[in-house]
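Asker: Residue numbers (the working numbering), protein chains in the order written: chain D, 17 to 169; chain X, 138 to 237.
No lab work stands behind these hints, which were simulated from the structure alone.
Glycine included, each C-beta is placed from N, C-alpha and C at the ideal position.
One or more hints might be untrue.
[Claimed, not checked] Derived DSSO-like pairs: lysine-lysine, alpha-carbon spacing no greater than 27 Å straight-line:
1. X:K143 with X:K235
2. X:K234 with X:K171
3. D:K96 with X:K145
4. D:K123 with X:K175
5. X:K150 with X:K185
6. X:K154 with D:K76
7. D:K158 with D:K73
8. X:K166 with D:K96
9. D:K83 with X:K207
[As the list claims (entries may be wrong)] To spell it out: a stretch of chain D is covered by chain X in this simulated footprint if at least three of its residues, at any positions, have a beta carbon under 8 Å from a beta carbon of chain X; those stretches are:
10. 111–120
11. 131–137
[Unchecked claim] Computed, partial: chain X to chain D, Cβ under 8 Å:
12. E167
13. V186
14. V190
15. V191
16. E193
17. T195
18. M196
19. S197
20. M200
21. S201
22. E202
23. P204
24. L205
25. F210
26. I219
27. F220
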Amino acid sequence: MDRRKFLGVGLAAFAAIVVPGTDLKAMNFRETKPKAWEIEKTVDGIKALYGNAGLKKSDKLTFKAPKLAENGGSIPITIKSSLDLESIALFQDANPRCLSCVFSVPKDAIIEYDFRIKMRQTAVVTIVGKERGTGTLYTASKEIDVSIGGCGG
Amino acid sequence: MAKKMKIKAKEKKGIVKVKAMFTSLMADKEEAVKKGIKASYIKYIVAKVNDVVVYEVTMSGFMSENPLIKFKFHGKKGDKIIFTTIDNNGKEQTGKKKIK
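Just chain D, same shape as in the assembly (with noise of 0.2 Å):
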């Protein structure tokens, strides 16, 4: 290899390097990915903030939630996972924008969070965490019957 590639390639590789590295130490995630925050359909949302990468589904990640929501104006959820990842997004289809909370998740974290979130009618929940290092993302869903929205209707 003649000296002139081996810098292109050894550039490009570096660049490869560092554009991911960029990403990991993203912390205010309206910011980093305005787009995300607008889209309407979980499928799109994921897809703009975590990229193309294929999705996996995993027992370590969890989340515990109501078959049945009285009040959509608090649904409370809670996310459980033993996988070290780097960050956890909720995305639902029930609002007019999917994506509801990320997470970033420390190191050494206990993956353990509770929370609540509105919902105006009955639709698919999706959490998918990204792993920290492989940049796997994994994924869950369940369905959640909401009888009175919460959008303040």
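Assemble the complex: chain D is given as a structure, and chain X must be docked to it using the hints.
Answerer: Frame of chain D; chain X shown alone:
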């Protein structure tokens, strides 16, 4: 809009359980139009202990009103946990609590 945040932090066997509640209407665009108010929701919450981030979340207005969060992390007694929230208008708020 938001005035106070309530924080509870308890340590047991090296694991700190935290419960926190923030006051916010969490009204996104559509809801704000219906109610005739300004959109106002918390979009970013971060919790730090000794300048190390232990909890970080970016949210949209589709979390429920007065968001209540619970989480756990490895920590010890006596440390201070500091919460910072930023709402959609860029308003920042902080709250401190000692871990019991």
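Asker: Determine for every hint whether it applies to the structure shown.
Answerer: Quick rundown of the hints versus the structure:
no.	hint	result
1	X:K143 with X:K235	holds, 12 Å
2	X:K234 with X:K171	violated, 37 Å
3	D:K96 with X:K145	holds, 21 Å
4	D:K123 with X:K175	violated, 37 Å
5	X:K150 with X:K185	holds, 20 Å
6	X:K154 with D:K76	holds, 21 Å
7	D:K158 with D:K73	holds, 12 Å
8	X:K166 with D:K96	violated, 31 Å
9	D:K83 with X:K207	holds, 21 Å
10	111–120	holds (count 9)
11	131–137	holds (count 5)
12	E167	holds, 6 Å
13	V186	violated, 10 Å
14	V190	holds, 5 Å
15	V191	holds, 6 Å
16	E193	holds, 4 Å
17	T195	holds, 4 Å
18	M196	holds, 4 Å
19	S197	holds, 6 Å
20	M200	holds, 6 Å
21	S201	holds, 4 Å
22	E202	holds, 7 Å
23	P204	holds, 7 Å
24	L205	holds, 6 Å
25	F210	holds, 6 Å
26	I219	violated, 14 Å
27	F220	violated, 14 Å
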